[in-house]
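K.L.:
The hints should help you fit chain V onto chain D, whose structure is shown.
Protein sequences appear in the order of chains D and V. Count the first sequence with this note's numbering and you get residues 1 to 477, in order. Count the second sequence with this note's numbering and you get residues 1 to 353, in order.
I should point out that these hints are in silico values taken from the structure, not numbers from a laboratory. We put the CB at the ideal spot given by N, CA and C, even for glycine. Every clue listed holds true.
Residues of chain V clear of chain D, computed beta-carbon distances all greater than 12 Å:
(1) Leu48
(2) Val66
(3) Ile82
(4) Val162
(5) Ile229
If you want the footprint, here are the derived chain D segments under chain V, 3+ residues with CB under 8 Å:
(6) 310-316
(7) 328-341
(8) 410-416
(9) 450-456
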Amino acid sequence: MSTLSEARSEFWRSYTSKVGTFFIILLTIISIVVVLTMPLDFGTKYWSNPIYWVDNPKASPPAWINTLMQDKLIEHQIISSNAPAQVEDLGGSYMKQYILTYDFKYSQFPSFLTFRLTNLVFYDKPPIIRVYIVRPDNKLVSILTYPVTVEGLNQTSPNVLFKSEPKRFLLSGDPSLFRALSDFLYKEFNIAYSPEKVSNIGVEKIIFGIPQQDGSFKPLNGKYQVYVLMYCDNRDDSIGDVAMVFGGKVYGLMGTDTLGRDLFQGLLFGFPVALLIGLATSILSTIIGAALGIVSGYVGGKTDLIIQRAADIVNNIPLLPLLIFFTFIFGGHLWVIVFILVVFGWPGLTIIVRSMVLSLKSSNFVEAAVAVGASSGRIMLRHIFPQVAPFILAQLIFYTPQAILSESALSFLGLGDPSIPTWGQILDYAFRNGAVYLGYWWWILPPGLLIIFSAITFVLLALGLEPVVNPRLRRRR
Amino acid sequence: MAYSKLGLTKTLAYRGISLVIVLLGVLFLTVIVLGATGVSDRILNSMLTEELRGIRQQLVTQIKDVEQLNKALESIKQQLIIAYGLDRPWYERLPNMMLKIITLDLGSAKNIQSFSGSKQISAIILERLPNTILLVTTAIIINFLIGLFAGTWVATKPGSIVDRFVSLYAAISYAIPTWWLGLINILVFAFYFRLFPYTGMFSAPPPTDPLLRFLDLLWHVSLPLLTLIIALSGSWIYITRSLTVTTAQEDFVNVARAKGLPENLVQRRYIVRVVAPSILTNVILGLAGSIGGAILTETVFGWPGMGQLYYEAIVSLDEGLILALTYVFTLVYVIARFILEVLYVIVDPRVRY
Numbered sequence: 001m002s003t004l005s006e007a008r009s010e011f012w013r014s015y016t017s018k019v020g021t022f023f024i025i026l027l028t029i030i031s032i033v034v035v036l037t038m039p040l041d042f043g044t045k046y047w048s049n050p051i052y053w054v055d056n057p058k059a060s061p062p063a064w065i066n067t068l069m070q071d072k073l074i075e076h077q078i079i080s081s082n083a084p085a086q087v088e089d090l091g092g093s094y095m096k097q098y099i100l101t102y103d104f105k106y107s108q109f110p111s112f113l114t115f116r117l118t119n120l121v122f123y124d125k126p127p128i129i130r131v132y133i134v135r136p137d138n139k140l141v142s143i144l145t146y147p148v149t150v151e152g153l154n155q156t157s158p159n160v161l162f163k164s165e166p167k168r169f170l171l172s173g174d175p176s177l178f179r180a181l182s183d184f185l186y187k188e189f190n191i192a193y194s195p196e197k198v199s200n201i202g203v204e205k206i207i208f209g210i211p212q213q214d215g216s217f218k219p220l221n222g223k224y225q226v227y228v229l230m231y232c233d234n235r236d237d238s239i240g241d242v243a244m245v246f247g248g249k250v251y252g253l254m255g256t257d258t259l260g261r262d263l264f265q266g267l268l269f270g271f272p273v274a275l276l277i278g279l280a281t282s283i284l285s286t287i288i289g290a291a292l293g294i295v296s297g298y299v300g301g302k303t304d305l306i307i308q309r310a311a312d313i314v315n316n317i318p319l320l321p322l323l324i325f326f327t328f329i330f331g332g333h334l335w336v337i338v339f340i341l342v343v344f345g346w347p348g349l350t351i352i353v354r355s356m357v358l359s360l361k362s363s364n365f366v367e368a369a370v371a372v373g374a375s376s377g378r379i380m381l382r383h384i385f386p387q388v389a390p391f392i393l394a395q396l397i398f399y400t401p402q403a404i405l406s407e408s409a410l411s412f413l414g415l416g417d418p419s420i421p422t423w424g425q426i427l428d429y430a431f432r433n434g435a436v437y438l439g440y441w442w443w444i445l446p447p448g449l450l451i452i453f454s455a456i457t458f459v460l461l462a463l464g465l466e467p468v469v470n471p472r473l474r475r476r477r
Numbered sequence: 001m002a003y004s005k006l007g008l009t010k011t012l013a014y015r016g017i018s019l020v021i022v023l024l025g026v027l028f029l030t031v032i033v034l035g036a037t038g039v040s041d042r043i044l045n046s047m048l049t050e051e052l053r054g055i056r057q058q059l060v061t062q063i064k065d066v067e068q069l070n071k072a073l074e075s076i077k078q079q080l081i082i083a084y085g086l087d088r089p090w091y092e093r094l095p096n097m098m099l100k101i102i103t104l105d106l107g108s109a110k111n112i113q114s115f116s117g118s119k120q121i122s123a124i125i126l127e128r129l130p131n132t133i134l135l136v137t138t139a140i141i142i143n144f145l146i147g148l149f150a151g152t153w154v155a156t157k158p159g160s161i162v163d164r165f166v167s168l169y170a171a172i173s174y175a176i177p178t179w180w181l182g183l184i185n186i187l188v189f190a191f192y193f194r195l196f197p198y199t200g201m202f203s204a205p206p207p208t209d210p211l212l213r214f215l216d217l218l219w220h221v222s223l224p225l226l227t228l229i230i231a232l233s234g235s236w237i238y239i240t241r242s243l244t245v246t247t248a249q250e251d252f253v254n255v256a257r258a259k260g261l262p263e264n265l266v267q268r269r270y271i272v273r274v275v276a277p278s279i280l281t282n283v284i285l286g287l288a289g290s291i292g293g294a295i296l297t298e299t300v301f302g303w304p305g306m307g308q309l310y311y312e313a314i315v316s317l318d319e320g321l322i323l324a325l326t327y328v329f330t331l332v333y334v335i336a337r338f339i340l341e342v343l344y345v346i347v348d349p350r351v352r353y
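Chain D on its own, in the form it takes in the complex:
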């Protein structure tokens, strides 16, 4: 390799380098965007907090599968509003009206219905909240009446409720809604069903359907207006967010797991983690491996013997059992995993670099440097290191996928860092919950493909670098 530009053109010559470069840019951009946009405590605060995902459908495939299917599965929708559409003065008291519009265009009924209130603030007296739905056929269904109750009313300063944890009304199992719907059916369709019968049929069918002759319900498509009314005494009383959850059978871009967690978010967070583990491990073990290799080859004698024996022994240890052992004992903290991978990752490079240094040692430029009186340290750093540097770089890149794969294997065995979601951990959870036996492909396929994607990025780069580092492999021009 004579000049840098020649090396660059040699690298750029191959197809693999181009694809590899494109992939690494993609990987880096996604990782940066994730780090900038997602909270760094995403793992502890959201991912491993089941309550945060409670509104989501469980184990649902991604929404885009509908484009491939004849019978469209109902999409999961959460419709919310944070400002009243209208405020009415009732003389002394007020009515604030929030409107949520739901476009129901499916041949299936929503799988569940949840109403959610977040951050309710009031001053003098607790407000009363009423919810009703106006259907496309202009029939009105009364859903909920909720007189806000509070222990220890605060008279001077604002009372704040449901701030950190929203109030949820699981309408699908609400007995007072069964009674209301029983009345609704009698009044609008002249059908007498007991509340128990309503409960058996399911509230979604009655709210979003028209009863048929045979006792079944046919979906009534169109726009549904959900009215949320707050009757309050103080004009400043407010609700931070009102929302209706229309349970679906498909969710988002990547679907959900059995806890209802949005897999898209978990998978996204895995990008910087994989990149960090891969690069940190390979950079550290390459530095140690190369330094020991250069010293071993150049200094020789007893130092050489000790380093080579140590490398030989560590190189011969079956890695995974020991990795499991140590992560089990020291806990699966991210840096513990990186540290252990580094401790066992250096010998291969040491052995190869040493043999390269041995042949460099007897070359003219090293002898010249010795003759001039350069110190050993200077010779190793200034004369020998630059000669082996390209090879070391290639090894660094080649070792990265191994680190990524090792971490995902550990995570899959349940030994990953519990505070940070990784692709391996998602697969671990999927496997433990029987995803392969239940056919939850969206839970197994993407994490694995992403592991392969990040690993193959570095494999391609290493393959592209090979002819640069090893000129014998260059194609004849």
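P.N.:
Chain V alone, transformed into the frame defined by chain D:
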């Protein structure tokens, strides 16, 4: 490798000794870690409590007086504490502990039992070891053969589409986690096509007829084997190909061709014969990975071997079992490695000078 300078026995003795050092090194390291982190105290204490409970059940039938019983138990407990060495710091127990493990006195598992109901770790491991060896060895042999034949064949057409495909396949197989491929294979072949069973080694109940039993085993082993072959054969073929291409350009091969020897003879005697030892070296280097990889593959396929046992030990937080398994895994590796070294000597005449 500077084998030729040393005698044959010396070579093997040298390899043997360094492998024993590996084994002892791993053992030493794990025992020190266990001692220094206080985990070994925990293991011993739980063993002690377990033993005490057994003794108590025996004594209850003999001694009726509660006070007397407690007194007797207390004195037995003190004896046990001394016997286990819990009255001394961990580093004083270390040699004894290492000796125990070396002699395969591995203690008993917390709540995992052998198929015959024993809690002795050595009994559990002995039952499972053959299953692991069966799976791993079969996979290595098949991959070795595929690598040897496909690799030398591809090497005869360098630069062709097949050759490029093999390079790509090798790159991908380097990046695919074998265990994930296993999950996908279960999803495709067991869940969607219903061709193979999900887990296990035999149907429940296993067939009694030997032939049917063998066929049942074959049916169960297909999917794990298929996974190991798809995931690993790529790199085998690629490495054999690279070695063969280099050898095929050597002068002695050209001489053989120039002499007019038939091509398949040149292939067999002049190329494969020379390449085989290098491929065996590759088997040796890949052995550690294959044995470790069994932990994941067996877990995915519910294969009742050492790997799955390891996973169960992790899930049930059984420190004693994990220590024992780490040692036995290294032991198995060291033994297998030594067998391969001997095999290497047989295959490569240069070592025998």
